[in-house]
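A.B. asks: Sequence lines, in order, name chains D and X.
For the first sequence, our numbering begins at 37 and goes up steadily by one.
For the second sequence, our numbering begins at 935 and goes up steadily by one.
To be clear, the hints were calculated from the coordinates, so they are not data collected in a lab.
There could be a bad hint or two in this list.
To be verified - In silico lysine-lysine, PhoX-like type, Cα no more than 25 Å apart, as pairs: (1) Lys212(D) to Lys1153(X); (2) Lys1049(X) to Lys212(D); (3) Lys1004(X) to Lys1147(X); (4) Lys210(D) to Lys1141(X); (5) Lys210(D) to Lys1032(X); (6) Lys1141(X) to Lys1153(X); (7) Lys1185(X) to Lys210(D); (8) Lys1169(X) to Lys1141(X); (9) Lys1153(X) to Lys1185(X); (10) Lys1120(X) to Lys1032(X); (11) Lys1004(X) to Lys1141(X); (12) Lys1049(X) to Lys1013(X); (13) Lys949(X) to Lys147(D); (14) Lys1004(X) to Lys212(D); (15) Lys212(D) to Lys1185(X); (16) Lys1153(X) to Lys1120(X); (17) Lys1004(X) to Lys1032(X); (18) Lys1153(X) to Lys1049(X); (19) Lys1153(X) to Lys303(D); (20) Lys1169(X) to Lys212(D); (21) Lys949(X) to Lys1120(X); (22) Lys1169(X) to Lys1147(X); (23) Lys210(D) to Lys1147(X); (24) Lys1120(X) to Lys1141(X); (25) Lys212(D) to Lys147(D).
Residue strings, one per chain:
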Amino acid sequence: MFMPNQEQIQYISEEHRAYQQERKNYRIRVILSQIALLVLLIVVWEIAGNLKWIDPFITSQPSRIIRTLIMLHKEGALYHHIVITVLETAAGFILGTICGTFAAIALWWSKFLSDVLDPYLVILNSLPKIALGPILIVWIGQGAPAIIAMALLISLVVTILGVYTGFAQVEPEKIKLLQSFGATRGQVLQKVILPSSIPTIIAALKINVGLSWVGVIVGEFLVSRAGLGYLIVYGGQVFRLDLVMTSVIILAAAAAVMYQAVVLLEKHFLNKQ
Amino acid sequence: MKAGPLVEVRDLTVKYHSPEGEITALQNLSLEVGEGEFVGIVGPSGCGKSTMLNVIAGLIPSSGGEVLIKGTAVRRGTKMVGYMPQSDQLFEWRTIWKNVLLGLEVQNNVNEQTKAFARKLLENYGLIDFAHSYPSRLSGGMRQRVALIRTLAVNPEILLLDEAFSALDYQTRLVVADEVKQIIVKENKTAILVTHDIAEAISMSDKIVVLTKRPGSIKSIHSIELTCSEKTPLKSREAPEFRLYFNSIWKELDVHA
């Protein structure tokens, strides 16, 4: 039954207060430990390098990474590389999600089509898409379009399968209700299938962010002359491990930021529902 | 009512096909429903009660026979019936107002006049304050009322209730059945209710049709006349005849647990 909010209980017992305190303390302990672990890692890494327990030429070192960062910043090339990789990745996962959703709509629209394509999708899904990298390069050429295609390809099949499964899970009774009003297939799609599948599509988007990074980095390994993947491969080839480590750390940060952006998007959409 | 029945089901036969074979769900079923009548359909599970409702709603084709509403054969996508599915099926991502407009949107018939009618319904049945709320804020009974208004908003000739209260708990179910019946009476609508609950059927209907087990056809028809001060589903359960109807229909259904 519907209850007005002001009926909520105001009084908090001692026991409940203790429980809340306990929960809060636990959260603080977890966060402090997380920070301590990071600091410990950095400090030990730095000291181990200074005391020659490890060879900083091969393992790099926090101070060297910071110096590399500053150097890249002064050269101005850093942002160029980050922007290129981020744009390629965003293009990859957005295109992957959009194309995958449209393909899923086509499969939903025609049972015949979905039955015909089923074995092809199963095989494409199990195939490591990275193996298609060289083919893409030959077909599309060396450069950003091939890299984006790589990222798109990696997320496409997963999206099709995920979103199509989501479509199939919409309650048949809801579809029946619309049909009882005389709804066409297009109206069923527009009024119930798509809106109730928004959580599924956003879940696909979240998975695709991760997959798209893989596609872009592999693509950059193979062809590019710019981007974080290029910096990593280049650094490895000329044995500048400082550059490799720095790029990997920037990559981790960029990936985390992009993932959080999608999580925010998800919150925005789910709150609306 | 003199102009002939509102709904005529003539020699209806429905067959389902599956790789395992053919199942005859309904066999030569004929039925008439007069304007303003409330007809309850009961029968053993799997007897084709819901199938019959789906054919009348134009949702599935028949294999033989026909269904006429006001003399016109029912086709797919007919606008003459209002179908109430099992549980309310409100769309959680739409406000109450948007939910109520759903049928009108589908029929491309949202205009000032139909909107005013929908608003009036919400006002009359105590839901206008929730027009801009989402369904999750409403109780089960209120949701069911919204579902009924959503159906009434397209102004159908006949309401088809397919186990419409089966998702509710027992107490809510009694109250909601009561409310729904009163709204249907007030709006002067004809209705067919399919249910497995004999008591629910007796308390709401003017006439009860008992179906045979599969393939379903008509076993018997009972006119329900209860002597009670208020003819509402809740009060009618106290009428002295209630038990008698219940017992005779129970016997006809011949339930073996």
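A.B. asks: I'd like to know which numbered hints this structure contradicts. Please list them from smallest to largest.
C.D. replies: 1, 3, 4, 7, 15, 16, 17, 18, 19, 20, 21, 22, 23
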